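A.B. asks: The residues making up each chain are set out below.
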Amino acid sequence: MSAATALAPQPSTTGFSFDNCQRNAALESSGMAVPKAVKTGTTICGIVFKDGVILGADTRATDGSTVASLNCQKIHYLAPNMYCCGAGTAADTEQTTKLISSNLELHSLNTGRQAPLSTALKMLAQMLFKYQGHISAALVLGGVDRLGPHIYSVHPHGSVDRLPYVTMGSGSLAAMAVFESRYRPNMELEEGKKLVRDAIAAGIFNDLGSGTNVDLCVITKDGAQMLRPYDVANVKGARQERYRFKRGTTAVLKTRLRKFDVQEEEVVSMDTSEASGSA
Amino acid sequence: MMETVQQVTPSYAAPLPEWLSAEHDMGTTLVAAEFPGGVVIGADSRTSTGTYVANRVSNKITRITDSVYCCRSGSAADTQALADIVSYRMAMHEIEMGRPAAVRTVANTFREMCYQYRDDLMAGILCAGYDRTHGGQIYSLPIGGMMVRQKVASGGSGSTYIYGYLDSNYKPDFTAEQCVDFIRKGVSLAIHRDGSSGGVCRVAIITANGVERRTFTGDQLFVPQ
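Protein chains in written order, with this note's numbering: chain A, 1 to 279; chain B, 1 to 225.
Keep in mind the hints are simulated off the structure, nothing from the lab.
For clarity, every value in this text was computed on a predicted model and none was experimentally measured.
The beta carbon of each residue, even a glycine, is placed where N, CA and C say it ideally should be.
Watch out, some of these pointers could steer you wrong.
[Unchecked claim] Looking from chain A toward chain B, a few residues come up when the C-beta cut is under 7 Å (computed):
1) PHE18
2) ASP19
3) HIS157
4) GLY158
5) SER159
[What the hints assert, rightly or not] One-sided excerpt, in silico: chain B residues whose CB lies under 7 Å from chain A:
6) ASN55
7) ALA76
8) ALA81
9) ALA83
[Said to hold, decoys possible] Just the calculated beta-carbon pair ranges, DEER-fashion:
10) B:GLN150 with A:LEU99: 42 to 50 Å
11) A:ARG228 with B:GLU177: 52 to 60 Å
12) B:GLN150 with A:LEU227: 29 to 37 Å
13) B:TYR165 with A:SER118: 36 to 44 Å
14) B:ARG118 with A:MET270: 43 to 51 Å
15) A:GLN132 with B:TYR165: 31 to 39 Å
16) B:ASP181 with A:ASP222: 31 to 39 Å
17) B:ARG56 with A:VAL235: 33 to 41 Å
18) A:SER102 with B:PRO224: 49 to 57 Å
19) A:ASP222 with B:PRO36: 50 to 58 Å
20) A:LEU99 with B:MET97: 49 to 57 Å
21) A:ASP222 with B:PRO224: 24 to 32 Å
22) A:PHE205 with B:GLN178: 51 to 59 Å
23) B:ILE143 with A:CYS21: 28 to 36 Å
One chain only, chain A, in its complex shape (with noise of 0.2 Å):
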């Protein structure tokens, strides 16, 4: 490493850095394990109903096959009147829904109205097909707009099919085939939601990447609604007895005071709307 990166490295302001990229590949040659991307296994789903869309998704994100986190949000707000579910690489999900809701944000602003689902679909479709897969996010996109609602599922190399009803993750397949046996068009609310409910249960019991609860989100012209959770599939057995020891069950062998000094801690703020003069 020259001395000059290493005292004051400059980060890229745009696009992604590859600085790192020889250090990797020179540490993979030497026999370096590589890290694993925390991924999130996951079953995640969207159907229409009547009056608009649910989405549903698991809560499990696992890291190899340790479960890394046992209750995270997998459906991510992008617009008052669209939210997106993501599978694969929990980083790519998060930080792709993140970047095309502040942009949606800036559009709607800029426009004057509320942005059309396609304009979200075209942006995350766009900027993934850029990247040519290796940002490993798999999406489910719904909402309501003035065109009505829709749902679409976005591949990690940026193709995009539009569908009545469409499952992504690890467990997809056990999700689809609930959704392919007892879907119906123009289902009611309840209906719908029981049917996105068992997909996403499909997914937790059959497959080992999902698990945990079933979050939904449903939205309709009128606003979304999250049900975080809407069901938790695998409630926590109770534990039969207090298992506590008693005091005294280990033994007090010695014992010593020692007094420390509390300092007293006080914030005071800095007036920083001006700008100080030459450092």
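Given the coordinates of chain A, assemble chain B onto it according to the supplied hints.
C.D. replies: Just chain B now, kept in the frame of chain A:
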């Protein structure tokens, strides 16, 4: 100089199925045929990711301009992006020229990009439409960036099974309905034999009067005895 960095993340991993991250591939059968008065183009509707069918009712016939459509095969992401870009450029072209774009112009725009980025793209396109100067035309743009005009063209993995059928049954003086039937049977036969093709048969008839789209669902496909 460099200390060994302790990697905290475990090195074992429960591997996710390969098809989850595989690129969306459209196995596909595409067929197009000219008739006096226009063209008829047809495609199946299966998009696969590895061995999983990601979309069984996909629309592979995409509008570029009001009178020029394209059939897409190969990578779904690549062809969708290509079709978007060509559609945008042709819309600008039409505004600047003050008249609809010629079919050859659209095909050439496709060809320019398919050839320039041939190492990065996997896209086989059938570009077909109608313009006032030359009538109905079909341009075949296979992978690699070649462009050739053909009266009958096919593409995708399923097309290999119907070369014989297309060559022996095509007549240049088909009516529109006969041409639709020819296309429908061709796609059905390919779906019957090719694992990467399936679903419904989508057809578009492009003439001077505009575009008519039809969908033939499973029971309306031709099944050999």
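A.B. asks: So, for every hint listed, does it hold in this structure?
C.D. replies: Taking the hints in turn, this is what the structure says about them:
no. : hint                               : in the structure
1   : PHE18                              : violated, 18 Å
2   : ASP19                              : violated, 15 Å
3   : HIS157                             : holds, 4 Å
4   : GLY158                             : holds, 4 Å
5   : SER159                             : holds, 4 Å
6   : ASN55                              : holds, 4 Å
7   : ALA76                              : holds, 4 Å
8   : ALA81                              : holds, 5 Å
9   : ALA83                              : violated, 11 Å
10  : B:GLN150 with A:LEU99: 42 to 50 Å  : holds, 44 Å
11  : A:ARG228 with B:GLU177: 52 to 60 Å : holds, 55 Å
12  : B:GLN150 with A:LEU227: 29 to 37 Å : violated, 55 Å
13  : B:TYR165 with A:SER118: 36 to 44 Å : holds, 39 Å
14  : B:ARG118 with A:MET270: 43 to 51 Å : violated, 60 Å
15  : A:GLN132 with B:TYR165: 31 to 39 Å : holds, 37 Å
16  : B:ASP181 with A:ASP222: 31 to 39 Å : violated, 48 Å
17  : B:ARG56 with A:VAL235: 33 to 41 Å  : holds, 36 Å
18  : A:SER102 with B:PRO224: 49 to 57 Å : holds, 55 Å
19  : A:ASP222 with B:PRO36: 50 to 58 Å  : holds, 54 Å
20  : A:LEU99 with B:MET97: 49 to 57 Å   : violated, 37 Å
21  : A:ASP222 with B:PRO224: 24 to 32 Å : violated, 53 Å
22  : A:PHE205 with B:GLN178: 51 to 59 Å : holds, 53 Å
23  : B:ILE143 with A:CYS21: 28 to 36 Å  : holds, 29 Å
Of the numbered hints stated above, those contradicted by the structure are hints 1, 2, 9, 12, 14, 16, 20, 21, listed in ascending order.
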